[in-house]
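Visitor: Sequence:
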Amino acid sequence: MPEQRNRVRVETARQVDTAPGRPADSPLLASRLTPAVPPEPVVARPRLLRRLDEGSAGPVTLIAAPAGWGKTTLLASWVRLGGAAPDVEPGAIVPDSGDLSVPPEARPVPAWLSVEVGDDGDRLWAYLAAALRSATGSAEDGPLPDRPPRPEQLEVLAATLAAADRPVLLVLDDLHRVADPAALTGLEFLLRHAEQRLRLVIGARAGLHLPLHRLRLAGELTEIGPDELAFTDDEVADLLTAHAAALPAAAVHQLRDRTGGWPAALRIAALAVRGQPDPERWVGQFGGDQPEIAGYLHEEVLPTLDPAEEDLLRRTAIVDTVCADLAEALTGRADAGPALAALAGTGGLLHREDTRPPWYRCEPLLADLLRADLARLPPDELRDLHARAADWYAEDGRPADALRHALAAGRWDLAGDLFVAHWPELTRYDRDPVHAPAPMTPTAEVIRADPEVALACAAERAYAGDLPAATSHLRSAADHAAGLPVPRRDRFLRLVTALEVSVARLSDDPAEVRAAAGRLLRTRPAGATPTRVPDSAPTGAASSAPTAGGGGAADDADLRAFTGTALGLVELADGALPTARFVRARAAAREAGRPRTELVGASRAALLLAVRGELRAAEQAARDALGMPPCRGWSCRLDCAYAYLALALVAQLRDQPEEAAANLALAGPALGIVGGWIGGPGTDAGDDWPAAAADEPVAATVAALCRAKLYRDSGDPAAGQRLLVRAREALADGPSATELAGLLRAAEAELRAERGDLNAARDLLVGASEPVLAVAAAKVELLAGDAAAAGRALPAWQSPAATSWPLPVRLDAGLLDALLAERAGDGRRAGRILEQVLDLAGPQGCRRVFTRAEPPVRDLLAAHLDAGTAHFALVSDLVRGAGRSTARPAAEPRDTLDEPLTERELTILRYLQSILSNVEIASELSLSVNTVKTHVRNIYRKLDATRRREAVRRARELRLI
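Residues -17 to 943 in our numbering are what the sequence shown lists, from first letter to last.
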């Protein structure tokens, strides 16, 4: 805030101190009327400053968050900067003095009040009077009462504010400290009747006595909460740099995750990390049990809660996420749902996930502290909490969580039963870390009596990522197999083998996955449909392998779903495209009733089906996958990323670029795409390549292909080319990735050819034998003007073998064949081929091959309309779409109509493209034949045509159809 304004406020405060009728021992402090200077350094946050600028144009802006979220610092910085967000670079250090405000005549007059504990109505309005006098320049005997005003005083004050030359922007910091609702009644009246000349910007924690719901409903409330106040990765890096505490980007991201972006914790971390000999290791161990963090939470955050709320938070901290029913089971409180909603709303201590019913997650550092408090509970009480959680999760169909809590509670019988009943769902399919301490280990007597308990322990440790412990439990279990009766032993050894598959997959050992899967599949019931295991283990399998013939139809479905998913994931990690395997695994998982396994199969199958051009099946599988996770509480970001990628590819092949870009953006975070894409504006080579590319080469490559085509369509083929080069370099060489590498080479060659670099395009396709590369080579030659070479390169797309090609490749080949026939003067053959291509494209809705093709394709489609087609509506739409979507600017029409066509005439004009007679057109439109003839005559006159074909040609030149 400018220094001059500060002096005015000091004088105002002094004058009020001696006001008649005020006790001499009740001075007003000028420091409460001036923004406090925040602790240095303060990092400017332009995105939040802009939010305040935008919000302060309306009646009320509320910054609501718990202690330590930077409310006061943000407000003080904003007032001192005068709202100059656009001129402040991200990461700039805000100086502690100086006038940085914009010209005062361009902004409302600011006034500041810091509310303190114990402010009653009299005290609050004394300070409000001083703040408003400072802003309006009113005298002490003016219409500004220094105690709660009477109704007539409020009316005078509202009229005075309404008549002011400039609005008053009143910043009220820590307004939650006002405990008396009546004290704020006057403010509410002024807001309603000052004709928007009073604007409030409020910083508070919770419990405000203002009509927030009414303001929200009226669109008069701007809210900034913890989600927006949380520091981003870039802001964390700026804060660390300002504290001379540099960290690598990965450690910055980890620190942001551990703190949830909580500003107070980040400042504490920035001060502490400077003296650490190994900062990265220190960040990995940073948590709520740090003395400084724990002290702040105990002194500033927890005291704001009543004992019942604190007990609710502590008891529910035993689980990672909680819903109302689970909280009720853990606490016995019937009102747990509203209490959770309150803590997530105005309290800001819980993060509400976007699910139905709502699930809540505690802020990470607070959760650490609460769990440390839980560990000090009596053992019996702690085990009871785990047992309650285990029972609830088991009833809710979440076996992985139920198993973890059953083991922690010492419920060995429940743990064993859960594993035997749900083993296919107790394997990990995502990369998100699981912060789960090892539960107690069962005694030797327990294992001897029930060896399945050891398998349950192995499954839980493998799920948590502790593979050495999982292997140790597996060995312990195997020692007890010999003493089991034969039927149980066979089942037991089958479960051991299933765990070996999981451990091998999580250990990135594809050879052992195939070997263990082969052993597991050999235990399928007699007469079951054979399942192929590629490169399976040698015939000399482990001696502990179970015998065949165990289990029934349900067990067989479990085995097919489990092994199919495991083998599919291994092949996917090698860069292969195992579409059929995931389709079968998904069907088996649905048959067995295994939703987690079905989600993996559905999401992967969706993307692979989209790559093959089976768009309807891909879209359905993707939407099925996206419909499953929210209700189960799974960590499934990667599964959703595959589904969103599938939808992006489907949208792109249907020429829906906005939809494709939106779904691609939704898939980005799970693939590690945060800042942007390599090749895009402002990026450097390698900076933004998906972090998950090494583990998920197929997803990363398909994402790169989609983004490259979006760049091309937006007029930046160079960026698309750079991205494809990076993707091709990142894709590991190997026989499994041949098809994926071919897609990249073909797309890059086409972009290079379009940019005129024909030699480089040809070099990429030298020795091409795969269909996609052969089709790309034909495209390149056609662009070079050598139709004969294009014809020689074009593969036989109508042969029986071509039915196994991806649909986009077949469509490209067919369309090229039609263009070559047209160039050769064989229009009839071109029309027959084009009709076959439309037969293939129509059912799946593939449009891009037509709409983003070269201009001759539009002419071919237009001629096909004249000749007659079974796909009249589709071709008409494609003709219009090809004109709009082509990457090159469309030719300008030669002239315009002196008299425009009416809507009815345009409708009939579209029908004139067909082979329908006037009588048939009249029947289609429910008009009389004479009416149609009249419209046709008008069309001819306006288009200066004498017959139907001439009118259609003229309309196409003018882009009317």
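Hints are supplied without guarantee of correctness; some may be wrong.
Pairs of lysine to aspartate or glutamate residues, derived as EDC-like cross-links and limited to a Cα-Cα distance of at most 20 Å, are as follows [unchecked claim]:
| hint | residue 1 | residue 2 |
| --- | --- | --- |
| 1 | 915 | 939 |
| 2 | 924 | 859 |
| 3 | 924 | 887 |
| 4 | 924 | 906 |
| 5 | 924 | 939 |
| 6 | 924 | 880 |
| 7 | 915 | 902 |
| 8 | 915 | 881 |
| 9 | 915 | 932 |
| 10 | 924 | 885 |
| 11 | 915 | 887 |
Per label pair, the in silico range of CB-to-CB distance [to be verified]:
| hint | residue 1 | residue 2 | range |
| --- | --- | --- | --- |
| 12 | 336 | 377 | 23 to 33 Å |
| 13 | 882 | 766 | 35 to 45 Å |
| 14 | 54 | 314 | 32 to 42 Å |
It is worth saying that the hints were derived from the structure and are not from the lab. From the three backbone atoms N, C-alpha and C, an ideal C-beta is built for every residue, glycine too.
Visitor: Confirm or reject each hint.
Guide: Verification of the hints:
Between residue 915 and residue 939 the alpha-carbon distance is near 23 Å, which puts this suggested pair outside the 20 Å criterion. A distance of roughly 23 Å separates the Cα atoms of residue 924 and residue 859; the hinted pair therefore is violated under the 20 Å criterion. For the suggested pair residue 924 and residue 887, the alpha carbons sit about 10 Å apart, so the restraint of at most 20 Å is met. Taking the CA atoms of residue 924 and residue 906, the gap is about 23 Å. The hint is violated against a cut of 20 Å.
In summary, the hint linking residue 924 to residue 939 is supported, as the alpha carbons are separated by about 14 Å, within the 20 Å threshold. Note on residue 924 and residue 880: the hinted pairing holds, with a Cα-Cα distance of about 7 Å set against a maximum of 20 Å. Distance hint between residue 915 and residue 902 is fulfilled; the C-alpha atoms sit about 12 Å from each other, no more than 20 Å. Among the hinted pairs, residue 915 with residue 881 is consistent with the structure: their alpha-carbon atoms are about 19 Å apart, no more than 20 Å.
Our distance criterion of 20 Å between C-alpha atoms is met by residue 915 and residue 932, whose separation comes to about 16 Å. Among the hinted pairs, residue 924 with residue 885 is consistent with the structure: their alpha-carbon atoms are about 14 Å apart, no more than 20 Å. Note on residue 915 and residue 887: the hinted pairing holds, with a Cα-Cα distance of about 11 Å set against a maximum of 20 Å. Under the hint 23 to 33 Å, the C-beta atoms of residue 336 and residue 377, about 24 Å apart, fit the expected range.
In this structure the hint that residue 882 and residue 766 lie 35 to 45 Å apart at CB holds, the actual value being about 42 Å. In this structure, residue 54 and residue 314 meet the distance hint of 32 to 42 Å, their C-beta atoms being roughly 38 Å apart.
Taken one by one, the earlier hints fail for this structure at numbers 1, 2, 4, listed in ascending order.
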